[in-house]
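Chemist: Taking the hints into account, I'd like the entire structure generated from these sequences.
One line per chain: the protein sequences are S and R, in this order.
1 is the number of the first residue of the first sequence in UniProt numbering; add one for each residue after it.
1 is the number of the first residue of the second sequence in UniProt numbering; add one for each residue after it.
Simulated from the structure, these hints should not be mistaken for laboratory data.
Since this is a predicted model, take the numbers as computed values, not measurements.
Every residue gets a Cβ at the ideal spot worked out from N, C-alpha and C, and that includes glycine.
Heads up, a few of these hints could be off.
[Claimed, not checked] Subject to a maximum C-alpha distance of 20 angstroms in a straight line, what follows is the list of computed EDC-like cross-link-like pairs (lysine to aspartate or glutamate): (1) R:Lys-46 with R:Asp-190; (2) R:Lys-46 with R:Asp-21; (3) R:Lys-46 with S:Glu-27; (4) R:Lys-46 with S:Asp-151; (5) R:Lys-46 with S:Glu-134; (6) R:Lys-46 with R:Asp-29.
[To be verified] Coverage of chain S stretches by chain R, computed from C-beta distances (three or more under 8 angstroms per stretch; other residues unrestricted): (7) 104–111; (8) 172–183.
[Said to hold, decoys possible] If you want a taste of the chain R side facing chain S, the calculated C-beta under 10 angstroms gives, among others: (9) Tyr-33; (10) Thr-73; (11) Cys-124; (12) Pro-125; (13) Arg-180.
So the chains spell out like this:
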Amino acid sequence: MPRTTPSQTVGPFLHIGLADDPYAADEGAPGGLWIRGTVYDGAGAPMPDAIVETWQADPDGRFDHPADPRGARTSPGFRGFARCATDADGAYSVFTRKPGAVPGPAGPQAPHIDVSLFARGMLRRVVTRLYFPEDAAARAADPVLSAITDDRERDTLLARAADDGYRFDIRVQGPGETVFFDV
Amino acid sequence: MTENTDAPAAAPLTVPGFRRDHAAHPPLDYPPYRSTALRHPTRPLKLLPHMLTEVTGPVFGHDRIGDLDHDLTRQRSGEPQGQRIIVHGRVLDAGGRPVPHSLVEVWQANAGGRYRHVIDNWPCPLDPNFDGAGRTLTDADGRYRFVTVRPGAYPWRNHDNAWRPAHIHFSLFGTSFTQRLVTQMYFPDDPLFGQDPMWNAIPDEAARQRLVARYDHGATEPQWALAFAWDIVLRGPETTPFEQEADDD
Ligand SMILES: [Fe+2]
Chain S
1 MPRTTPSQTV GPFLHIGLAD DPYAADEGAP GGLWIRGTVY DGAGAPMPDA
51 IVETWQADPD GRFDHPADPR GARTSPGFRG FARCATDADG AYSVFTRKPG
101 AVPGPAGPQA PHIDVSLFAR GMLRRVVTRL YFPEDAAARA ADPVLSAITD
151 DRERDTLLAR AADDGYRFDI RVQGPGETVF FDV
Chain R
1 MTENTDAPAA APLTVPGFRR DHAAHPPLDY PPYRSTALRH PTRPLKLLPH
51 MLTEVTGPVF GHDRIGDLDH DLTRQRSGEP QGQRIIVHGR VLDAGGRPVP
101 HSLVEVWQAN AGGRYRHVID NWPCPLDPNF DGAGRTLTDA DGRYRFVTVR
151 PGAYPWRNHD NAWRPAHIHF SLFGTSFTQR LVTQMYFPDD PLFGQDPMWN
201 AIPDEAARQR LVARYDHGAT EPQWALAFAW DIVLRGPETT PFEQEADDD
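Modeler: Below you can see the structure in the form of structure tokens.
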């Protein structure tokens, strides 16, 4: 069997090849919202050469993908994927709709978005998950969040409500370090 | 925003996951690559079981790919300077299956080693006929093909007299979030490998060699372009019939 190809950094010139694609949902989609945030390094400095990618279910918790055993389902005007490089201030923003609950092996997972972060200085991506502040009951039953026993660590996965959607900052290292996953 | 109570009841559902392959990859904390110092998490990563969100991923269609997106030598009015090359190969998973209809993106420096990017300003000319970005979809057999020019090596400031070996950046989506990979393809016998921390960060020499394309005389086109072949292997399913070898983990 072939062996997997090793990862390498995106380097400082990532913008040439990884074009922004910030709309996971069409502009004007019902319930459309912005997720905005800043990516910080271990010194608390914004990272201007990172790129954030998001992947998520549609508002009914379905995926337009053959690996969904319930059947791939297209949701008009919705792609589920977005990508945005950080700007000079380390800020990114993606436009989407809120995902629905997604089934897990022992019951529903709370609505969540899988987030990949790539950057100069990172030899491979890191992965985190975004959850929503209003879903307290669903989050309490979520299998991924339940496995994180430290409240402060768990809170790093929580977006905050904002005027036009949510805010989700990512701290790669240091105080308030975001929880990252071995995916 | 309100609690999402109107979603359909989510009955328990287990999906097959992907095999973990940590040993193949460089660590996030690698002091010889100085920029990793403030950009690696210090807490251990937490295990994320593969569930629906992880085993699915974006599907890209031909509508998002232009006819000349795979040919970096035909994106401007004239042809770029440098050695014209064909870079081709297959995208496979670690179970040996082709990964069809998946997005492959590339970006690279020009023949002199200069990127068309605002922060690249070392004294090497830009080429008015070279942007250095391409994209394509793999075909039904997982094959991809780009036409470009051989990129030059370029200096950086990581260590004394630091030069990156010539490389092409590759971005792959595979078919699932779990398979996402960004990497770099190198050329055979580059004398700059030994001083390159990105190359050296890969713990296993055999794994490093998997980033090196092979000169492909069979695919080289007479009077036109040299060919290099490079297969890319993404993570495969957890349960394959041939799982005896455990040293990828
Ligand atoms: Fe590069």
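Chemist: Which of the listed hints are broken here?
Modeler: Of the numbered hints, 1, 3, 5, 10, 11 and 12 do not hold.
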